[in-house]
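**Student:** Sequence:
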Amino acid sequence: MAKKFAFLLVRDFTLSPLSLFIDTLRLAGDEGDRSRRVEFDWQIVGEPQRVD
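If you read the sequence shown in numbering that gives the first Met the number 0, its first letter stands for residue 0, the second for the next number, and so on.
Wrong hints could be hidden among the right ones.
Label pairs and their computed distance ranges (CB to CB) [as the list claims (entries may be wrong)]:
#1 47 x 24: 32 to 42 Å
#2 14 x 34: 38 to 48 Å
#3 3 x 31: 32 to 42 Å
#4 1 x 45: 26 to 36 Å
#5 23 x 44: 11 to 21 Å
#6 31 x 51: 16 to 26 Å
#7 11 x 31: 15 to 25 Å
#8 36 x 7: 14 to 24 Å
#9 51 x 2: 33 to 43 Å
If you're looking for bench data, these hints aren't it; they were derived computationally from the structure. Yeah, the Cβ is synthetic: ideal placement off N, Cα and C, and Gly gets one too.
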């Protein structure tokens, strides 16, 4: 069973740290670098925000 993570993004949050963390989960969660969500699964929680 995969370990689950949820990311709650707040206003003015920069996406760089999020993308680095998700990429780490993606690479560590599957053997052979197939980018499947075998060991870890994640969901981004929050309402879409308009970027000015």
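**Student:** A separate judgement is required for each hint: does it hold in the structure or not?
**Tutor:** Structure-based check of all given hints:
About 22 Å separates the C-beta atoms of residue 47 and residue 24, a value inconsistent with the hinted range of 32 to 42 Å. Taken as a hint, the range 38 to 48 Å is violated for the pair residue 14 and residue 34, whose Cβ atoms sit roughly 19 Å apart. A hinted range of 32 to 42 Å is violated for the C-beta pair residue 3 and residue 31, which are about 22 Å apart. For the pair residue 1 and residue 45, the beta carbons lie near 21 Å from each other, so the given range of 26 to 36 Å is not met.
Checked against the hint of 11 to 21 Å, the C-beta distance between residue 23 and residue 44 comes to roughly 19 Å, which is consistent with it. Take residue 31 and residue 51: their Cβ atoms lie about 42 Å apart, and the range 16 to 26 Å is violated. Take residue 11 and residue 31: their Cβ atoms lie about 38 Å apart, and the range 15 to 25 Å is violated. Checked against the hint of 14 to 24 Å, the C-beta distance between residue 36 and residue 7 comes to roughly 19 Å, which is consistent with it.
Between residue 51 and residue 2, the C-beta spacing of about 36 Å keeps the proposed range 33 to 43 Å intact.
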